[in-house]
Amino acid sequence: LKLKTSSLLIAGALFGAAVLPAQANNEAMMDLLKVLRDQGTITAENYELLTNAAKADKESADATEAKVEKVAKKADDATIVSLKGGHLKVKSGDGDFSAQIGGRVMADYAVIDDDRDLDGNGSEIRRARIFLKGKAFNDWGYKAQVDFASDEVTIKDMFIAYNGFENLQLTLGNHKISNGLEANTSSKYITFMERSTIDDVFSVGRKNGLSLATGGDNWSFKTGLHMDGIDNDNNDKDEDYGYGARATFAPINDKTRLIHLGVSAHHQEFEDNFSNGAYSQQRFRARPEIHMINTRPYDTRIDGVEDSNTYGLEAAAVYGPFSAQAEYFKKDVNTDTSDVDFNGWYVYGSYFLTGESRPYKAKHGVFSRVKPKSVVGQGGMGAWELAVRYSDIDLYDGSGPAVNTLGEEGDVTTLGVNWYATSNIRLMANYVMSTVEYKGTAKSDDDIDAFQVRGQIDF
Amino acid sequence: LKLKTSSLLIAGALFGAAVLPAQANNEAMMDLLKVLRDQGTITAENYELLTNAAKADKESADATEAKVEKVAKKADDATIVSLKGGHLKVKSGDGDFSAQIGGRVMADYAVIDDDRDLDGNGSEIRRARIFLKGKAFNDWGYKAQVDFASDEVTIKDMFIAYNGFENLQLTLGNHKISNGLEANTSSKYITFMERSTIDDVFSVGRKNGLSLATGGDNWSFKTGLHMDGIDNDNNDKDEDYGYGARATFAPINDKTRLIHLGVSAHHQEFEDNFSNGAYSQQRFRARPEIHMINTRPYDTRIDGVEDSNTYGLEAAAVYGPFSAQAEYFKKDVNTDTSDVDFNGWYVYGSYFLTGESRPYKAKHGVFSRVKPKSVVGQGGMGAWELAVRYSDIDLYDGSGPAVNTLGEEGDVTTLGVNWYATSNIRLMANYVMSTVEYKGTAKSDDDIDAFQVRGQIDF
Amino acid sequence: LKLKTSSLLIAGALFGAAVLPAQANNEAMMDLLKVLRDQGTITAENYELLTNAAKADKESADATEAKVEKVAKKADDATIVSLKGGHLKVKSGDGDFSAQIGGRVMADYAVIDDDRDLDGNGSEIRRARIFLKGKAFNDWGYKAQVDFASDEVTIKDMFIAYNGFENLQLTLGNHKISNGLEANTSSKYITFMERSTIDDVFSVGRKNGLSLATGGDNWSFKTGLHMDGIDNDNNDKDEDYGYGARATFAPINDKTRLIHLGVSAHHQEFEDNFSNGAYSQQRFRARPEIHMINTRPYDTRIDGVEDSNTYGLEAAAVYGPFSAQAEYFKKDVNTDTSDVDFNGWYVYGSYFLTGESRPYKAKHGVFSRVKPKSVVGQGGMGAWELAVRYSDIDLYDGSGPAVNTLGEEGDVTTLGVNWYATSNIRLMANYVMSTVEYKGTAKSDDDIDAFQVRGQIDF
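Residue numbers (the numbering used here), protein chains in the order written: chain A, 2 to 460; chain B, 2 to 460; chain C, 2 to 460.
Hints in this document: simulated from the structure, not taken from any laboratory.
To give a feel for the contact side, a few chain B residues facing chain C, derived at Cβ under 10 Å:
no. : residue
1   : T42
2   : V72
3   : I102
4   : Y110
5   : E125
6   : I126
7   : S151
8   : V376
Listed below are the simulated SDA-like cross-link pairs for lysine to any residue, each with C-alpha atoms no more than 20 Å apart in a straight line:
no. : chain 1 : residue 1 : chain 2 : residue 2
9   : A       : K68       : C       : G94
10  : A       : K71       : B       : D63
11  : C       : K256      : C       : E357
12  : A       : K92       : C       : I81
13  : A       : K74       : C       : K71
Virtual Cβ for every residue (Gly too), placed ideally from N, Cα, C.
Chain A on its own, in the form it takes in the complex (with noise of 0.2 Å):
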């Protein structure tokens, strides 16, 4: 009897299953045969034939093991394909590469009551984008963003990224390097239809540069150097070029409770501006928090600007359901003669009846997707959110070379209702009541509000 070898098969097999590579088996079989033979229960000849049929089961055994492997493997191997919160996403099977495509799409209606008599009850598609983005060579990223809206192409981002430094996003190409809180915050998740009046003005938005980006668990830091924008469209001048930087810190940071500060300096010259030795007029233009208005009531005209400074101050805070945001803003436009200071700030709170959090992203400083925690088509009833909104910008100092032909100084009430019907579906009703000052000229104040309501899907 000659079990030894098979026993510490056996032991094996006992032991280390689960590590050991799974192999098909038919040990005791063997045994058993070697045990009948060795005590002349069965003869030598059948031996010989029933060994044969165990060894056939056997390899029959294996090779169906061999081809669960090589499924088992190929399913592993397998680019991945996912839809999870309605976004397809393609992620190679080593992580290396990924993929990304989707949109975004916002259907807006108003009705506008106009002091001005500029403007009627109306409808547009705010945003309709597409994008393509995606991770390329493990170190590399990309995204192309088009803008559809008003049956025009506008491109959003257009760069390319590298991330093989640690801790480091370095960004190539059109995309934000900008300078606040509610700018960097994605028009999909901003807690109004539009950002507040300052943004227009005192925020620098999307441009063609080159930035710098780190952060960690409570703090985030970016800088960039950039042009104007997407096409040169200087003639005989230099482009207009800026830079800037934004650090954000959240000294509370966990699922329900924030508290962020933050703050932003931004320089841009204003080169365009220049021709025959001489600087001409800059604008300086923004819409009271709706955007279907004709004309931009905030117009301010200023001869001969060289460049400007923009200084911001942010704060916010999350206590479960309750949340506040504010933001300061101050600009020093430098005229070849003399300067002029513009300032803006915003207040807002909100709360959500339905008890989500807003959540955070503290490695880039801005708030992100809410997800309600009760889905509309998986039988729950969405998120509800209530907010409100004071706004505040004076874009004239009362001196210098200011050409004021609209408004110049005003503020801005809104009233929020958001609906999440879905981590990526929305709808937004608010109440707009803002008030515009010609204080430099003759004009009275003009009262503009509107009720206005959004459908909103990214995908």
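The hints should help you fit chains B and C onto chain A, whose structure is shown.
Frame of chain A, contents of chains B and C only:
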């Protein structure tokens, strides 16, 4: 001999194998070893060793079995990617999410003989579209489709849909709120290269608004309220709006036989037209089923237009390879002084030489994709269709405030041949003979004839 | 003892296991039980029970086996999604269908020193493209590619292809019907940031028409007939049309060594130019390999142009990391009074410091994608290439009806460095020195120099 437990297992395995969770088994060996030990054929020591070997065999087989289960589950849960028919579709394992990416290309070439001397031979990319559409969280849908023909952006579909109510689709955004059979049938599936002349003036097309659609095995109903388009281009005026409904009924509807009947009504307000206390001129223009002509020969201009009402009748029939289709439209244009009536109709027939039948979707009351019985590229010859259409338009009723600078009345006869190489590729050739009459003016009639061909693919 | 049937099975299992459909087996047990029963070791009753147990074991194993087969088949039939090289490709299990979604981003920055004082420093997104392409029903193909640079839509490829004839591709729609080596090589793969000066005037580019292409291991031939472009912009005139052919031959063509020779000819009719019984002026314009300059300095205007004939010669060589390339073009412009001759040529060389060779596709007679030997992001350093080009253009022959308002003759020397970080990402730097001569006018020569860099990705 205690085989009772095993016997139960055996019975279970014999009669319940299909429903019991599959499991690797070596009951026979275990039982045999017991038998041999009990009757003294093998020793207790050998029994112990052999039993261990059998258990190890079983564990090995169980590991394989588990691996199979895991891979099978992975395959079942996996997002499904399909290229069926040349259309890239992705569907989540649970069916709650889907996405489709595609587009269409139509390349046209024309030889035009124009009495007006306004047109020559030419070419154009008639349609160049890309779209993303999908389903999210089970009850929601969306589509974003943009056309790039003529190197211009035209937003086509850009909407969010809710399908959570039983047999009811709510759609918000830019989409077809159309009022006719030809208008509601996709340009991918229309029988001639262009829809009939009357489509330009009488159909509503895509608008930004809200619609409700429902339907069954042999009927459809759709109603909607809409603003003007995808951009808020109203100046100090309210934007145009309208509302309407369409109902269809198919008393006969099987694979090769169909009777389709339909009615529609639509009211349009021309708010953009109103300024300074008066309604201004409105133009009603059309092309005679030749898209590449420069100036639309039908061009009726009416002063003081306040609103219009459009009524439509539809009928269609399919009998094997034969099909026929007709529509009649009447439009009352109401001005601040008097009313003007327009009307138009067409009738056409088609015959598939290769035996196909025009497919119909009763739930939407439209014709859909022709699938050739044999496919070019897979050994077949495609489908061949002959068609003839006569259409008549009258944009002048001989009285009232109309200001006609161009054609007012006329008819078009079109002969067509379609070759459906595959279900998504077809070549079309149309010979178009049109006569434009200038009844209210001194001009004599014009003949505009064209031979035009199209290469078409949708993906 | 009746082992005969079993013996056959054993032999089959031993010698044919690989080809027989794998099946779970426990022949050895069945045989052993027979032996033990026949020689009386076990009772008939036990034999019966044990045989049932063995059969149950087998059924259980068979169920597993069937499950494996099902999953393996599912994996084999499944649509394959790949991100290889950063390109998202989808292919049906049977290979009859495929789809690819991608694009390209090129972000450019330039410092321009222009004697004309027409240009300053600037930036632009040089190319911003998205495409869908695919294969359908085995024999058919399509591509839809749109460029969004300068926030404008430009349809690039928009075509249907038929590949059902052996070694022959028919293409209908907007596509490259080009007549040169540089012109036919994708902008993703050209050695310098811009094609040579002569490309603007002598190459055909993308046109809306029909082409036939064929080729082999060391040759290619393409011929086409085309209309003007993607839009029918002819007024009362016929649209421009043209036809031409290109043939290439590569007597040496292996991985690291190449000799490429090519010829092309193209005829262009200027129908749009004809109105009121006369041909009007036609402009031939070019940029000196700097795209961001405002006004094209080469601008020859000729009255009464009826048609033109363009002839081209191409030669290229690769020897390991070295490559050289040259083209010569001659264009006869025929007017209603006399003829004018243009000509231009360039020659360039490049060297890969990192040892790569420029890859070539003989079947299309073009250069293709450089794949670095080591990749940044996967532990490598990418590929580094140095290059120099000299190009010369002459758009004035000193006589005839030419009306020259700007440069007529000139040359450009470009020094280039390319860093291929990965196969789909490269950074380019070009120093361009150009001289524009105004021979026929009183103007003195202009120097336009530029240092320009590009970040490029295609996906």
